[in-house]
Amino acid sequence: MPDLGLEVLFKGKNMARILGGLGVALQISLVSVCISIPLGILLGALMTWKNPVTKAILRLYLEIIRIMPQMVLLFLVYFGTTRAFGWDLSGEASAIIVFTLWGTAEMSDLVRGALISIPVHQYESSAALGLTKAQTYLYIIIPQTIRRLIPLSINLITRMIKTTSLILMIGVVEVLKVAQQIIEANRMASPNAAFGVYLTVLVLYFIACWPISMLAKYLEKRWR
Amino acid sequence: MKKLRKAAAVTLSLALGLSMATGASADDAVYRTLDEIKEDGTINIGVFSDKNPFGYVDENGEYQGYDIYLANRLGEDLGVEINFVSTEAANRVEYLQTGKVDIILANFTVTDERAEQVDFALPYMNVALGVVSPDSRVIESLDDLGEDDQVIVISGTTAETYLIENYPDLKLQKYDSYATAKNALENGNGVCWANDNTEVIAYALQNEGYTVGIPSLGSQDTIAPAVSKGNESLLNWLNEEITALGEEQFFHAAYEATLADTYGMDYEESLVVEGGVTAEPQSEGATEAELTAAEEVTEAE
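Chains as they are written, first to last, in this note's numbering: chain H, 27 to 250; chain S, 407 to 707.
One chain only, chain H, in its complex shape:
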């Protein structure tokens, strides 16, 4: 077995530090997910409205967030708000704001897509069966939409977890930054540590994202 330099992980508090870093990443991404999913569903439903004003506003919001790299958004919120308005947001707060804005925008487009993908005859058939509008949504449209949404939103959630690796650029020490710190602190003593430590980071991200995928699989099966 090649020398992966894994022993550096067991020096001092390194193990606790790297797990703490994962905790920071998960906290920020999951708080953002919890806010952006309900908001995204609401905005997605609004996007299917025929009202041109709400349509234009939501479209503009979605496009701006989608075009901009997350790194730019992070800098804009963290440094930009200080420059423009003198706010002194912490790195963590800025990260949650950016991830929520991003998650909401992407989620709303997923919801819009899922809603409009339900064929018109589904609405017409339920009307013909005498269901009210509320009943149509409750029993026909929403269950089908949710089933279509699950794989897409799991994708978004795991992407949000992994993208937290960018927040080290605004001074938040998360799992990847702790990994880099450990590698560099042992540059002389264990020059091979980079491989082992990055491998550990990979495993940690996997452990964080795998249960979410499993949950999605289970739900998809159950609601078939």
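With a straight-line Cα cutoff of 25 Å, these simulated BS3-like cross-link-like pairs (lysine-lysine) come out:
1) LYS39(H) <-> LYS457(S)
2) LYS81(H) <-> LYS159(H)
3) LYS188(H) <-> LYS243(H)
4) LYS588(S) <-> LYS457(S)
5) LYS588(S) <-> LYS577(S)
6) LYS457(S) <-> LYS37(H)
For the record, the hints were derived by calculation from the structure and aren't laboratory data.
Here the structure is a predicted model, which is why all the values come from computation and not from measurement.
Given chain H's structure and the hints, the job is docking chain S onto it.
Just chain S, lined up with the frame of chain H:
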């Protein structure tokens, strides 16, 4: 890594442009004066958390290194607590421009371009380029190189830029990463390797059979603390502090405590700037002996 930094820098400037465009001009005083920092009881110092041995975090989660050694002393002499902020090469200027940190102590090389955006205090370290070669053929001057000799460099580094500008006839072998350049030298693909002198010195010390033939090449740059543009009270205090620390040979003590393990004692005089007093600019390819001599002359003054 350098490429990543470049990408980050581009992103940063884009973000900046946008944040400027969003309107309202920034508050006039983004920074905190010396008195405000003392009153608050905490100073925010931006440092590297992954640049051993200058600024890094040890296995107990404590910040360590040459920059940190100075930072701790500054906090002690100011009588305030220190809040270390982990910065990256690409966002150091931005941290000062928004006043999110009071001082940057992150291996910050003084350049004219940066001096327009932040205020540098007196320097506390020298940096230059260096060239390492195998003991079997030590290269002491780039003029000694023959027709077929190739020089190893890492793409995007100051070494590459400097050699292209000043030695256009030299044959360069470019590598993307530290690891591949190291392999190339060990396999004899090139006759020598040019990089930051701290890097080549550390390399020669860790690897048997290699010598730094040219420890100082090109312009001699310095590393200094930086504060937000216009923060005169803090800048003046820093300058007085650095001068005063020179009297007790503080930076030599800092070198011995933090850098000696990596660079050995031989380079102490050429790397350390004591009390903010630098040597005269070095001629190209000055040898280590000349460099040390020049330092000693300055110190004698």
